[in-house]
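Trainee: Position chain S relative to chain R; hints supplied.
Below are the chains, spelled out letter by letter.
Number of protein chains: 2
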Amino acid sequence: MTATTGENNIVKDDDLPGHSVRLGIDEPLRLDCGADLQNFPVAYQTYGTLNEDKSNVIVVCHALTGDQFVAETHPLTGKEGWWDHIVGSGKTIDTDRFFVICSNILGGCMGTVGPKSINPATGKPWGLDFPVITVRDMVNVQAMLLDHLGIDDVFAVLGGSMGGMQVLQWAASFPDRVFAAVPIATAARHSSQNIAFHEVGRQAIMADLDWCGGDYLAQGKNPNRGLSVARMTAHITYMSESALHRKFGRRLQDRKEITYGFEADFQVESYLRHQGITFVDRFDANSYLYTTRAMDYFDLASDYDDNLANAFKDTPTRFCVFSFTSDWLFPTDANREIVHALNAVAANVSFAEIKSDNGHDAFLLDEQEFIRVLGGFIDGAARHRGLPSRGGDAS
Amino acid sequence: MTATTGENNIVKDDDLPGHSVRLGIDEPLRLDCGADLQNFPVAYQTYGTLNEDKSNVIVVCHALTGDQFVAETHPLTGKEGWWDHIVGSGKTIDTDRFFVICSNILGGCMGTVGPKSINPATGKPWGLDFPVITVRDMVNVQAMLLDHLGIDDVFAVLGGSMGGMQVLQWAASFPDRVFAAVPIATAARHSSQNIAFHEVGRQAIMADLDWCGGDYLAQGKNPNRGLSVARMTAHITYMSESALHRKFGRRLQDRKEITYGFEADFQVESYLRHQGITFVDRFDANSYLYTTRAMDYFDLASDYDDNLANAFKDTPTRFCVFSFTSDWLFPTDANREIVHALNAVAANVSFAEIKSDNGHDAFLLDEQEFIRVLGGFIDGAARHRGLPSRGGDAS
Chain R
55 MTATTGENNI
65 VKDDDLPGHS
75 VRLGIDEPLR
85 LDCGADLQNF
95 PVAYQTYGTL
105 NEDKSNVIVV
115 CHALTGDQFV
125 AETHPLTGKE
135 GWWDHIVGSG
145 KTIDTDRFFV
155 ICSNILGGCM
165 GTVGPKSINP
175 ATGKPWGLDF
185 PVITVRDMVN
195 VQAMLLDHLG
205 IDDVFAVLGG
215 SMGGMQVLQW
225 AASFPDRVFA
235 AVPIATAARH
245 SSQNIAFHEV
255 GRQAIMADLD
265 WCGGDYLAQG
275 KNPNRGLSVA
285 RMTAHITYMS
295 ESALHRKFGR
305 RLQDRKEITY
315 GFEADFQVES
325 YLRHQGITFV
335 DRFDANSYLY
345 TTRAMDYFDL
355 ASDYDDNLAN
365 AFKDTPTRFC
375 VFSFTSDWLF
385 PTDANREIVH
395 ALNAVAANVS
405 FAEIKSDNGH
415 DAFLLDEQEF
425 IRVLGGFIDG
435 AARHRGLPSR
445 GGDAS
Chain S
55 MTATTGENNI
65 VKDDDLPGHS
75 VRLGIDEPLR
85 LDCGADLQNF
95 PVAYQTYGTL
105 NEDKSNVIVV
115 CHALTGDQFV
125 AETHPLTGKE
135 GWWDHIVGSG
145 KTIDTDRFFV
155 ICSNILGGCM
165 GTVGPKSINP
175 ATGKPWGLDF
185 PVITVRDMVN
195 VQAMLLDHLG
205 IDDVFAVLGG
215 SMGGMQVLQW
225 AASFPDRVFA
235 AVPIATAARH
245 SSQNIAFHEV
255 GRQAIMADLD
265 WCGGDYLAQG
275 KNPNRGLSVA
285 RMTAHITYMS
295 ESALHRKFGR
305 RLQDRKEITY
315 GFEADFQVES
325 YLRHQGITFV
335 DRFDANSYLY
345 TTRAMDYFDL
355 ASDYDDNLAN
365 AFKDTPTRFC
375 VFSFTSDWLF
385 PTDANREIVH
395 ALNAVAANVS
405 FAEIKSDNGH
415 DAFLLDEQEF
425 IRVLGGFIDG
435 AARHRGLPSR
445 GGDAS
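Residue numbers (our numbering), protein chains in the order written: chain R, 55 to 449; chain S, 55 to 449.
Any given hint might turn out to be false.
[Said to hold, decoys possible] Keeping only pairs whose Cα atoms sit at most 20 Å apart, straight-line, the calculated EDC-like set for lysine to aspartate or glutamate is:
id, chain 1, residue 1, chain 2, residue 2
1, S, K310, R, D359
2, R, K108, R, D207
3, S, K310, R, D353
4, S, K275, S, D335
5, R, K310, S, D360
6, S, K178, S, D264
7, S, K310, R, D86
8, R, K133, R, D150
9, R, K145, R, E134
10, R, K310, S, D353
11, S, K301, R, D353
12, R, K275, R, D264
13, R, K301, S, D387
14, S, K310, R, D357
15, R, K178, R, D264
16, R, K108, R, D308
17, S, K145, S, E423
18, S, K275, R, D264
19, S, K108, S, D207
20, S, K145, S, D420
21, S, K145, S, E126
22, R, K367, R, D353
23, R, K275, S, D264
24, R, K310, S, D86
25, S, K178, S, D90
26, R, K310, S, D359
27, R, K310, S, D357
28, S, K310, R, D360
29, R, K133, R, D420
30, S, K409, S, D387
31, R, K133, R, D69
32, S, K301, R, D387
33, R, K301, S, D353
34, R, K367, R, D357
35, S, K301, S, D420
36, S, K301, S, D411
37, R, K367, R, D207
[Claimed, not checked] From the structure, some residues in chain R lie toward chain S, with a derived Cβ separation under 8 Å:
id, residue
38, E295
39, R347
40, Y351
Don't read these hints as lab results, they were simulated from the structure. Note that the coordinates shown come from a computational prediction; the quantities given were computed from them, not determined experimentally. Beta carbons are placed, not taken as given, at the ideal position from N, Cα and C, and that holds for glycine.
Only chain R is shown next, with the shape it has when bound in the complex (with noise of 0.2 Å):
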């Protein structure tokens, strides 16, 4: 199966495995900007099986540029899912004992409607006219499938950098729906130098002719340089500095001298190269711009009068919060605001900040002892809820 349109490298929704449900049909869903939402489609994965009394939901919130296929097979890269060594049976979220859902974002490109989706009204792409969006309108689409499945509440909400603010805003806007959340790397605002590096990957897309003002798809076009751009230069914040220089130091590329030129000389041009045009063939440009916006505009005191713990007043939920020593994107610091936050509430909440060289991308790689950690949460919330303990029936 070929899921891709041919020139434009872009996924059709009807392509994907998977599940799919429209939402929004009897009410539309009112987004922040004011704009209403009406009969939308909502992909989606789910690993494991819902119990009887549908309380062992997980609910995992995927990051910028993640997608719903967190332990399977990607069905356009043929690589592992993005969560495969830690989601499924036996492992530390165990689909034996779990119903794990993943759904792609409000404004994402795999299935969810976004900005390269149809718009109903011209029967084309949406493009720019698709609404912007916030990722409390992503949490409002999630309850809404949720709604649809009849669940009512969750055990767990669990996502990393922007996954993490999505299990933020689940936990302030519905905190009676969530008994535990796991926010990783992430933050309760974005920070002006996380909007600095987002406004320029933005610029890179916008700068591209082939953007056409949005309205590429139109248009039979694809700004892939300026989105290979783009994503060259966020993926160099996902890293350390230390894990570039372990990994590439200022080691050559298939060569033994430096060639006096601008082919990729060193391993990290062609590593970052490669990063940027695997990229377009996932990934839909406009998409990018949106939910690159919606990170830049979270900043979930603002709804509570600039209070962050106000956020979590009286909250039931269970927390732990993570965060790793070389993340510079969403540093340790930025993660402890939220544990502040809830400790000012006396909430129930549990910190651990791991070791690792790793970067920003730490919490998408086998890191043991966030692993470890994030285990023995889980077991432990899952006790206090009633849930069969690992290997048995509930305590």
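Mentor: Below, chain S without anything else, positioned relative to chain R:
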């Protein structure tokens, strides 16, 4: 006077104020890449008066996008010189005592030969036919300029960032011509992360269709969008996260609410766009490719059996190395490597890590402690050299 060629916004060498000489007339310069460069222009500025025994020369090496207009109004931007607060009558680098020379670097775009200069062989701009140059080539051109001016040796060579690389190369290549050397916020080799950021900038330029494979000048175009994105990316790396936060935070630009769009809602976006837009009025895109490449290639130890200390064996030069605490592009560790190498050969070296919130840009700003220590070093070295001290004769 308009100093631009209209459509391309590119300075014609003839329009620039200041000095210009042609070098390599009798004997060409053999570049590191093996090419010969013959009869080429070098633009430079001087401040102060050369004393009788030519012992009061200070060479200032400019950074990637700097130029020779150190301490006077810039002919294109109308802004004050980039080290105007340090170089001048009665200032830290006192032009009443010293004769300061700064030349536009080889490969630059402010009067010294570079890719936008006319290739005598074709009568058209060099473009990508210009040979790829190195930091050592830049320093060799500066040495040729001093030869031309009849100056055998210099009291001091100073520079920050890529200017600091030139200072290190000066000390390594011409130890007997350099009495004192001040490398600032620099490194003896460009790091993997820094190569990565440069590569993103280059890819942004090359992704712009108006780059025309490097031939844009001949085709009457200019890759302003790509160059602007490159500048924006680089600009983020010049500031510290805390400086960005202090300067901009999440403050909005001329509005009270977010607009749910892709305009520059945040001040940091507006600021970055401005940096990008103004940069293209004074800089040549190909020149950006060549000079970033020269920095990437810089690895001083590679010419000395991969042992940096060998580059400074038996050096008679006295050094003062500076770093800034919040500089994450050329962090203290990178500067300390230089100090360690100098210590290993028992060189005369001071090292000052300046506490600053201003990131890499600190060396260009009014950093009081930096300026005070720099002044102390210059005065002390001047005494040892037998030059008149501040406000008096030689002691």
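Trainee: Run every hint past the structure and note whether it holds.
Mentor: Evaluation of the provided hints:
no.: 1; hint: K310(S) <-> D359(R); result: 15 Å, holds
no.: 2; hint: K108(R) <-> D207(R); result: 8 Å, holds
no.: 3; hint: K310(S) <-> D353(R); result: 15 Å, holds
no.: 4; hint: K275(S) <-> D335(S); result: 13 Å, holds
no.: 5; hint: K310(R) <-> D360(S); result: 15 Å, holds
no.: 6; hint: K178(S) <-> D264(S); result: 17 Å, holds
no.: 7; hint: K310(S) <-> D86(R); result: 16 Å, holds
no.: 8; hint: K133(R) <-> D150(R); result: 23 Å, violated
no.: 9; hint: K145(R) <-> E134(R); result: 15 Å, holds
no.: 10; hint: K310(R) <-> D353(S); result: 15 Å, holds
no.: 11; hint: K301(S) <-> D353(R); result: 18 Å, holds
no.: 12; hint: K275(R) <-> D264(R); result: 6 Å, holds
no.: 13; hint: K301(R) <-> D387(S); result: 19 Å, holds
no.: 14; hint: K310(S) <-> D357(R); result: 15 Å, holds
no.: 15; hint: K178(R) <-> D264(R); result: 17 Å, holds
no.: 16; hint: K108(R) <-> D308(R); result: 55 Å, violated
no.: 17; hint: K145(S) <-> E423(S); result: 14 Å, holds
no.: 18; hint: K275(S) <-> D264(R); result: 17 Å, holds
no.: 19; hint: K108(S) <-> D207(S); result: 8 Å, holds
no.: 20; hint: K145(S) <-> D420(S); result: 12 Å, holds
no.: 21; hint: K145(S) <-> E126(S); result: 14 Å, holds
no.: 22; hint: K367(R) <-> D353(R); result: 17 Å, holds
no.: 23; hint: K275(R) <-> D264(S); result: 17 Å, holds
no.: 24; hint: K310(R) <-> D86(S); result: 16 Å, holds
no.: 25; hint: K178(S) <-> D90(S); result: 18 Å, holds
no.: 26; hint: K310(R) <-> D359(S); result: 15 Å, holds
no.: 27; hint: K310(R) <-> D357(S); result: 15 Å, holds
no.: 28; hint: K310(S) <-> D360(R); result: 15 Å, holds
no.: 29; hint: K133(R) <-> D420(R); result: 16 Å, holds
no.: 30; hint: K409(S) <-> D387(S); result: 14 Å, holds
no.: 31; hint: K133(R) <-> D69(R); result: 18 Å, holds
no.: 32; hint: K301(S) <-> D387(R); result: 19 Å, holds
no.: 33; hint: K301(R) <-> D353(S); result: 18 Å, holds
no.: 34; hint: K367(R) <-> D357(R); result: 13 Å, holds
no.: 35; hint: K301(S) <-> D420(S); result: 16 Å, holds
no.: 36; hint: K301(S) <-> D411(S); result: 11 Å, holds
no.: 37; hint: K367(R) <-> D207(R); result: 19 Å, holds
no.: 38; hint: E295; result: 5 Å, holds
no.: 39; hint: R347; result: 7 Å, holds
no.: 40; hint: Y351; result: 6 Å, holds
Hint compliance for this structure: hints 8, 16 are not met, and every other hint is.
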